[in-house]
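Visitor: Required output: the full structure, derived from the provided sequences and hints.
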Amino acid sequence: MSELVELFARFSGQLWTGTVITVQITAVGLLLGFLIGLPTALIRVYGGPWVRWIAVLYTELFRGTPVLVQLFIVYFGLPDLGITLSRLAAAYIAMGLNSGAYQAEYFRGAIQSIGSGQMRAARAIGMSRLKAIRYIILPQALRLVIPAWSNEPVALMKTSAVAFLIAVPDLMGQGKIIAARTYDPITSYLAVAIIYIALVALLMLGLQWLEQRLRIPGTEVEVQRV
Amino acid sequence: MAETLIRVQNLRKIYGDKTVLKDISLDILEGDTVVLIGPSGTGKSTLLRCMNLLTKPDGGSIWFDGEEITAPGVNEDRVRTHIGMVFQDFLLFNHLSALDNVAIGLTKVLGMDKAAATEKALRELDYVGLEEHADKYPGQLSGGQKQRVAIARALAMDPRVMLFDEPTSALDPELIGEVLATMERLSNEGMTMVCVTHEMGFAREVADKIIFMEGGVVVEEGPPQQMFAAAQIPRTREFLGKITELYGDHE
Amino acid sequence: MGSAALPTSANMLNTFLYVAQGLLVALEVIAIALPLGFVLGVLLAILRVYGGRFIAPLVGFYRAVLRGVPPVVLLFLLYFVVAGAVNLSPLWAGALSLGIISSAYQLEIFRGAFGSVSSGQMTAARAIGMNRSKAIRYIILPQALRLAIPPWSNEAATVIKDSSLVYALGVPEILRRAQFVSANTREPFIAFGAAALLYFVMTFVAGRLLDFVENKTAIPGEVGG
Chain A
1 MSELVELFAR FSGQLWTGTV ITVQITAVGL LLGFLIGLPT ALIRVYGGPW
51 VRWIAVLYTE LFRGTPVLVQ LFIVYFGLPD LGITLSRLAA AYIAMGLNSG
101 AYQAEYFRGA IQSIGSGQMR AARAIGMSRL KAIRYIILPQ ALRLVIPAWS
151 NEPVALMKTS AVAFLIAVPD LMGQGKIIAA RTYDPITSYL AVAIIYIALV
201 ALLMLGLQWL EQRLRIPGTE VEVQRV
Chain B
227 MAETLIRVQN LRKIYGDKTV LKDISLDILE GDTVVLIGPS GTGKSTLLRC
277 MNLLTKPDGG SIWFDGEEIT APGVNEDRVR THIGMVFQDF LLFNHLSALD
327 NVAIGLTKVL GMDKAAATEK ALRELDYVGL EEHADKYPGQ LSGGQKQRVA
377 IARALAMDPR VMLFDEPTSA LDPELIGEVL ATMERLSNEG MTMVCVTHEM
427 GFAREVADKI IFMEGGVVVE EGPPQQMFAA AQIPRTREFL GKITELYGDH
477 E
Chain C
478 MGSAALPTSA NMLNTFLYVA QGLLVALEVI AIALPLGFVL GVLLAILRVY
528 GGRFIAPLVG FYRAVLRGVP PVVLLFLLYF VVAGAVNLSP LWAGALSLGI
578 ISSAYQLEIF RGAFGSVSSG QMTAARAIGM NRSKAIRYII LPQALRLAIP
628 PWSNEAATVI KDSSLVYALG VPEILRRAQF VSANTREPFI AFGAAALLYF
678 VMTFVAGRLL DFVENKTAIP GEVGG
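Protein chains in written order, with the working numbering: chain A, 1 to 226; chain B, 227 to 477; chain C, 478 to 702.
Treat the hints as calculated values from the structure; they're not laboratory data.
Source: prediction; values computed, not measured.
Ideal Cβ positions, reconstructed from N, Cα and C, are used throughout, including at glycine.
Each hint should be verified, as a subset may be incorrect.
Think about it this way: if two alpha-carbon atoms lie no more than 27 Å apart in a straight line, the pair counts; the simulated DSS-like pairs of lysine-lysine are [what the hints assert, rightly or not]: (1) B:Lys-282 to B:Lys-334; (2) B:Lys-340 to B:Lys-362; (3) C:Lys-611 to B:Lys-340; (4) C:Lys-611 to C:Lys-693; (5) B:Lys-346 to C:Lys-611; (6) B:Lys-244 to B:Lys-282; (7) B:Lys-468 to B:Lys-282; (8) B:Lys-468 to C:Lys-611; (9) B:Lys-334 to C:Lys-611; (10) B:Lys-282 to C:Lys-693; (11) B:Lys-334 to B:Lys-362; (12) C:Lys-693 to B:Lys-340; (13) B:Lys-362 to C:Lys-611; (14) B:Lys-346 to B:Lys-362; (15) B:Lys-248 to B:Lys-282; (16) B:Lys-334 to B:Lys-346; (17) B:Lys-282 to C:Lys-611.
Stretches of chain C that chain B covers, calculated by requiring three or more beta carbons in the stretch to come under 8 Å of a beta carbon on chain B [as the list claims (entries may be wrong)]: (18) 500-509; (19) 599-612.
Some, not all, of what chain C presents toward chain A, calculated at C-beta under 7 Å [unchecked claim]: (20) Arg-540; (21) Val-546; (22) Pro-547; (23) Val-550; (24) Phe-553; (25) Leu-554; (26) Ser-641; (27) Phe-657; (28) Ser-659; (29) Pro-665; (30) Phe-666; (31) Ala-673; (32) Phe-677; (33) Thr-680; (34) Ala-683.
Guide: Written out as structure tokens, the structure is:
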């Protein structure tokens, strides 16, 4: 127990740096995932057969393969195509692509549950498809998706830990360094685990708060919290 | 002189701040068919569930076949093998066929071997007129059929008494008849029955005794002819009058 | 590392075959982790739902800890804890850890499934004289397991993918072999592409298999369960 406290005190700087990087990767990955996932979902629901096929391929591939493999392909593969990448950038891209596939599924579910009636009503007053999506479907879908979507930031934060395997100095990466310095892997990784638990708890509280603020009265949806 | 099979003494049951059963005392004689009537929410179902210990009373005692079943240390599971219960929402085991629904108590509770259990289960299903549907699943049966399977399931355990908790309330009107017919047959063959029901026709024709409950107590009890024609207490007359008007005479 | 010859030229087939030899190792890890997670998950779900006032929060704590930490962190932690006490190969340590982690997620799945089985089923079971454990075993559990198949299918896919994490413990499974080849042939896309393909096939096959099981165990007459 006392070794744990000692470790926290001695390596607080490194642990903090690692935490910051983990949060960074999560945030950037989440944002990228949103920017990729939402259009993908829209394409899957409203797109023509060829584009839709690409969207399906993307989501199936990135949800059906391990994130670690995806990370390695990005980090080791892209330089081959002439794109040089820092480790952190590779992590951002891999997490973004991975999260995008999962977010696409969440959004697709929400859009589809809005029901075709809304689209029909919008077209009936003369809106183009694009306008209908933008002003009628999306506002509802984005509100509806919140309970299910809020599984994603937590999942992504936990997923991001694999970045240390390409020597990104995130929280887990710091843990590895500290373990090497102290020759005490158990206490080191225990410290890392505790910080993750705290981060996840904070994240969950934040998401709950967000959910409360954005709720539309009368549209409570029962969703399985994963 | 018929034996008292169930004796309820000063039973009390409280839910939160509501006293559902205040002070219930009654006797069920062996071979009798007793119908419990009264306004909704007056604890009739609760009383029934206390009788087979699905609900624990907060006061008073219940005696079954001379044994106090509300005493501490009583094996409730054993008691429940002698008391059959039929529920308003049938509660058939969804993952089992009609046959297996009836047989499972025989094999897993009474330890019968599979062949004997299957044979007995088929006999019980035949009794309620559903032998040909033995391999059907609850999802494939009508409400009336489901309830008759439920009756067969309870009968298979060879209970001393059958408790019916509003057995026809969840059924479409056309399906009520088949269930009541089964219940009447049981009654005529001498089964001891306690029924909570609104079916006044059944009460009038089949019951040996009618007990009127309200406000957590027994208001009045007596044979059907007496209760329907000349109940002593005004409230009883009032209730019986209204409910006969509403539900009519089912035969 | 392994019995196949190490490819030095960009020969796709050779690369694939080399990487594919890690498949057996990966399957070994999954074959340990998934059933372990299942047995623990069902038991813990029963404890959580039927266990009473003192046990339920303990299970809740177990769940919160195992789900609040990234799997790879837990993998390392459990590996070192276990390696200190017992002499286990990295494969076994990794697989057991993955199984324990999965049990926390499977526990939620089964808990939800138990909740979906209506309480009336327990009542009816007690009414014919079954005690609690018989009722759980013969009435509740069969129905709950059927309801659990779709979400369990997701969890199985997750375990299959997370098996790649034992890479971090040095286990010579698919990903490690792919990395080795990639470094040697300087053809990362082919090497990791092969790895990705293998994992994808595993998750795909698992999904179809479970669809088959779901159809086979469906209760006639039930519309969508």
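Visitor: Against this structure, judge whether each hint is valid.
Guide: Status of each hint after checking the structure:
Note on Lys-282 of chain B and Lys-334 of chain B: the hinted pairing holds, with a Cα-Cα distance of about 25 Å set against a maximum of 27 Å. With a CA separation close to 19 Å, the supplied pair Lys-340 of chain B and Lys-362 of chain B stays within the 27 Å bound. Annotation: proposed proximity of Lys-611 of chain C to Lys-340 of chain B holds, straight-line Cα distance about 17 Å (limit 27 Å). As the CA atoms of Lys-611 of chain C and Lys-693 of chain C are separated by approximately 25 Å, the hinted pair is consistent with the 27 Å bound.
A hinted pair counts as satisfied when its Cα atoms are at most 27 Å apart, and Lys-346 of chain B with Lys-611 of chain C qualifies at roughly 21 Å. The hinted pair formed by Lys-244 of chain B and Lys-282 of chain B meets the criterion: a straight-line CA distance of about 15 Å does not exceed 27 Å. Taken as a hint, the Lys-468 of chain B and Lys-282 of chain B pair is broken in the structure, with Cα atoms around 33 Å apart against an allowance of 27 Å. Of the supplied pair hints, the one linking Lys-468 of chain B and Lys-611 of chain C is violated, its CA atoms being roughly 45 Å apart against a limit of 27 Å.
Simply put, Lys-334 of chain B and Lys-611 of chain C have alpha-carbon atoms about 8 Å apart, close enough for the 27 Å limit, and the pair holds. A C-alpha spacing of about 41 Å is found between Lys-282 of chain B and Lys-693 of chain C, which places the hinted pair above 27 Å, so the restraint is violated. This hinted pair checks out: Lys-334 of chain B and Lys-362 of chain B have alpha carbons roughly 21 Å apart, not beyond 27 Å. Of the supplied pair hints, the one linking Lys-693 of chain C and Lys-340 of chain B holds, its CA atoms being roughly 24 Å apart against a limit of 27 Å.
This hinted pair checks out: Lys-362 of chain B and Lys-611 of chain C have alpha carbons roughly 24 Å apart, not beyond 27 Å. Annotation: proposed proximity of Lys-346 of chain B to Lys-362 of chain B holds, straight-line Cα distance about 17 Å (limit 27 Å). As the CA atoms of Lys-248 of chain B and Lys-282 of chain B are separated by approximately 14 Å, the hinted pair is consistent with the 27 Å bound. Note on Lys-334 of chain B and Lys-346 of chain B: the hinted pairing holds, with a Cα-Cα distance of about 14 Å set against a maximum of 27 Å.
At roughly 21 Å between alpha-carbon atoms, Lys-282 of chain B and Lys-611 of chain C fall within 27 Å of each other, so this suggested pair holds. Using a Cβ-Cβ cut-off of 8 Å, 0 residues of the stretch 500-509 of chain C lie near chain B, which falls short of the minimum of three, so the contact claim is violated. Interface restraint, the stretch 599-612 of chain C with chain B: holds (10 residues with C-beta to C-beta distance below 8 Å; minimum three). For Arg-540 of chain C, the interface hint is violated, the least distance from its beta-carbon to any beta-carbon of chain A being 12 Å, above 7 Å.
At its closest, the beta carbon of Val-546 of chain C sits 5 Å from a beta carbon of chain A; the interface hint therefore holds under the 7 Å criterion. Against a cut-off of 7 Å between C-beta atoms, the interface hint on Pro-547 of chain C holds, since the closest Cβ of chain A lies about 4 Å away. Nearest Cβ of chain A to the Cβ of Val-550 of chain C: about 5 Å, under the 7 Å cut. The hint holds. At about 5 Å, the closest approach between the beta carbon of Phe-553 of chain C and any beta carbon in chain A falls short of 7 Å, and the interface hint on this residue holds.
With a least beta-carbon distance of about 4 Å to chain A, the hint placing Leu-554 of chain C at the interface is held under the 7 Å criterion. Satisfaction of the interface hint for Ser-641 of chain C is found here, the shortest Cβ-Cβ separation to chain A being roughly 4 Å, below the 7 Å cut-off. The beta carbon of Phe-657 of chain C is not positioned within 7 Å of any beta carbon in chain A (closest approach about 12 Å), and the interface hint is therefore violated. Against a cut-off of 7 Å between C-beta atoms, the interface hint on Ser-659 of chain C holds, since the closest Cβ of chain A lies about 6 Å away.
This hint holds: Pro-665 of chain C has a C-beta 4 Å from the nearest C-beta of chain A, less than the 7 Å allowed. Given the 7 Å rule on beta carbons, the hint for Phe-666 of chain C holds: about 5 Å separates it from the nearest Cβ of chain A. A least Cβ separation of about 5 Å between Ala-673 of chain C and chain A falls short of the 7 Å threshold, and the interface hint therefore holds. The beta carbon of Phe-677 of chain C comes within 5 Å of a beta carbon in chain A, closer than 7 Å, and the hint placing it at the interface holds.
A least Cβ separation of about 5 Å between Thr-680 of chain C and chain A falls short of the 7 Å threshold, and the interface hint therefore holds. Residue-level restraint check for Ala-683 of chain C is violated (minimum Cβ-Cβ distance to chain A is 10 Å; threshold 7 Å).
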